[in-house]
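Residue numbers (the numbering used here), protein chains in the order written: chain A, -1 to 332; chain B, -1 to 332.
Keep in mind the hints are simulated off the structure, nothing from the lab. Mixed in with the good hints, there may be bad ones.
As the list makes no split between identical chains, a pair holds if one copy fits it or if it spans any two.
To be verified - Below, computed lysine to any residue pairings styled on SDA-like, alpha-carbon distance capped at 20 Å:
(1) Lys99 / Ile134
(2) Lys181 / Glu193
(3) Lys146 / Glu44
(4) Lys6 / Lys107
(5) Lys7 / Glu103
(6) Lys202 / Ala87
(7) Lys305 / Glu320
(8) Lys111 / Ile17
(9) Lys146 / Glu41
(10) Lys149 / Gly287
(11) Lys149 / Phe42
(12) Lys62 / Asp133
(13) Lys99 / Asp133
(14) Lys147 / Gly43
(15) Lys146 / Glu45
(16) Lys317 / Asp238
(17) Lys107 / Arg18
(18) Lys99 / Arg18
(19) Lys7 / Lys107
(20) Lys146 / Phe42
There are 2 protein chains.
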Amino acid sequence: MFLQLIVKKLSELGERGAIRLISNILSRGDVAVGIGDDCAAFEFGEEYLLVTTDMISQKTHIPKEMTPFQLGWFIVAINLSDIAAKGGAPLGLVLSFGLPKETTESFLKELTKGADSCATTFDTTIVGGDMKETDIVTICGTAFGVVKKEKFMPRIGSRPGDIIAVTGTLGKAGAGYYNLKNKTLDSDLSKPLLEPTPKLKEGKLLARQKCVTSCMDISDGLSSSLYQLQELNNVGFEIDLDNIPISPELIQLQSEQSGLDIYDIALHFGGDYELLVTIPTHKFEKAKGALKKNDTDIIAIGEVTIKKEIIINDGRVKKTLENKGYEHFTNHAF
Amino acid sequence: MFLQLIVKKLSELGERGAIRLISNILSRGDVAVGIGDDCAAFEFGEEYLLVTTDMISQKTHIPKEMTPFQLGWFIVAINLSDIAAKGGAPLGLVLSFGLPKETTESFLKELTKGADSCATTFDTTIVGGDMKETDIVTICGTAFGVVKKEKFMPRIGSRPGDIIAVTGTLGKAGAGYYNLKNKTLDSDLSKPLLEPTPKLKEGKLLARQKCVTSCMDISDGLSSSLYQLQELNNVGFEIDLDNIPISPELIQLQSEQSGLDIYDIALHFGGDYELLVTIPTHKFEKAKGALKKNDTDIIAIGEVTIKKEIIINDGRVKKTLENKGYEHFTNHAF
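Here chain A stands alone, though its shape is the one from the complex:
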């Protein structure tokens, strides 16, 4: 008879398992919205103060083709995307740079310029930071912003019958990835992957309409995001495959690379940083109109259902959508 010690590793636990573990340990405070949403939200008079943090490391998140400028842009963009998903306006960011000793001055300059460029492009500023020596490049960003309480777009609130929509085309980042991987190199094709655009404008316009019942960004890929939203909302989704807006970059790449499954990429590949929103049917057209008036759009891709399943309908067959999203510790996109 032996005593068996079962020591679970993070590689078995997965990121979401680990986050559940953390969430069960942490004490609850005066926070209005906490762990499990894109941002934490604190009451601050008539507003919520939004806070979000994201870390990236060379180990899993930084393709070798990413320039230091793009790396700086990226860490700011992905944090601003979380502010966008709550309908917020960014107040500022702090950044921590974990860098190896042999990092060059020019790397640091370009990294900083990229971060500053993304921040100023979206009318915000980097207000402070920290720098430490690490073995591999590891960058952490924290963004904070504000949103009027009545405009806040939570993750929880979608109702059966709501339309589910995205703020732009899907598969842009995936196209960028396969472009790099297969070295068919058209550098413009990889830009959406390496220099994503946080959908702050779309987030703010949607928040102003007060029509959104739930919202999150789809950084982990559409299918993964749908499964996260389903779990939180205790609903289901029926997605119309024909309505998935495939990015022009992915269509271009398909014409150059045979064997590329564009629907697989659009449905499952992460890194697009679009917003995924649910909106009651009767408010949808008005919301879409408001976005169109501002040279942007939302595209309906399906409906929220009572049945707690995620169904993909290709016009002939309905089947369960696979949950193939990227998960750290168990699976690496790069």
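Following the hints, complete the assembly by docking chain B onto the known chain A.
For chain B alone, kept in the frame of chain A given last:
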């Protein structure tokens, strides 16, 4: 004739050189207090919103004797110390864990418990975070808090004639370090190094007095902090060696380890997380009284001078204080 390429490395630039470089690149925004202070500060009605971030990595900041619980405590404590240095009350923190794949579930549990324990001890909460795979343990924390505008304690503002003081004894962390290094192991001796106490209570009491002309925490060591304060304020300091409050832990260790230079440790070793404050002479006793009434203290260690030098006076000889503080990339405490 050869073209010489001089590629400077961070190891030559040093942390402060690198921070100057970053600071010169970043655009200025609507921030009231930005890079170069313990926290960034934003106007928020009658208050400032304070934000600070700190990263630690196994490479330089995590001694092998530190338990995962202590690691969690540490990242929260050092961020709260920056809020304390501005007289603020913490609102919350976000944490990012960069962890190797082989990290165990029990490590993650203890890490989280330590972070939660420090946060709740100081009446605040961890409201969110991120987790990514890295080669070595790298943890990033961001704390945010608030302080009434008129109570904010900036780094800039000290005037010749002001008293310069610290909120507690020095050399605690140094004693902890030499205790670990020389394995004379009295585990209580290393606690101040591994589980530091952010001086939030002292910061708030001092802020309430509205007597502080400048303040920072002395995480980098007293001499390094004095040189930073001197540069910002364009003043000098004369420090009385006899008034340096040596920590009881350091005195105890001295009795056990021969050859320990306790003044060298108290003046130069980092990690004490006390506050370093300047206060006009006529307000000093009232401020000290207010702290004493609340079972704490500030100890005068010298005076702000017109002459832009940092002098250490041992009662017989006055000489320039060396600037031997810990600097990342050029020198490692661990």
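Structure-based check of each hint:
1. Lys99 / Ile134: both (10 Å within a copy, 15 Å between copies)
2. Lys181 / Glu193: within (18 Å within a copy, 50 Å between copies)
3. Lys146 / Glu44: So Lys146 and Glu44 pass the 20 Å test inside a copy (6 Å) and across (18 Å) alike.
4. Lys6 / Lys107: Only across copies: Lys6 and Lys107 sit 11 Å apart there, 41 Å inside one copy, limit 20 Å.
5. Lys7 / Glu103: Between copies only: 6 Å across chains, 37 Å inside a chain, cut-off 20 Å.
6. Lys202 / Ala87: within (7 Å within a copy, 30 Å between copies)
7. Lys305 / Glu320: within (16 Å within a copy, 71 Å between copies)
8. Lys111 / Ile17: Between copies only: 13 Å across chains, 33 Å inside a chain, cut-off 20 Å.
9. Lys146 / Glu41: The answer is both: 10 Å in one copy and 17 Å across copies each meet 20 Å.
10. Lys149 / Gly287: The answer is within: 18 Å in one copy meets 20 Å, while 48 Å across copies does not.
11. Lys149 / Phe42: both (14 Å within a copy, 19 Å between copies)
12. Lys62 / Asp133: Close inside one copy (16 Å) and across copies (16 Å); limit 20 Å.
13. Lys99 / Asp133: both (8 Å within a copy, 15 Å between copies)
14. Lys147 / Gly43: both (9 Å within a copy, 17 Å between copies)
15. Lys146 / Glu45: both (4 Å within a copy, 18 Å between copies)
16. Lys317 / Asp238: within (11 Å within a copy, 78 Å between copies)
17. Lys107 / Arg18: Answer is between: at 11 Å across copies they meet the 20 Å cutoff, but 38 Å inside does not.
18. Lys99 / Arg18: between (35 Å within a copy, 17 Å between copies)
19. Lys7 / Lys107: between (37 Å within a copy, 12 Å between copies)
20. Lys146 / Phe42: both (9 Å within a copy, 14 Å between copies)
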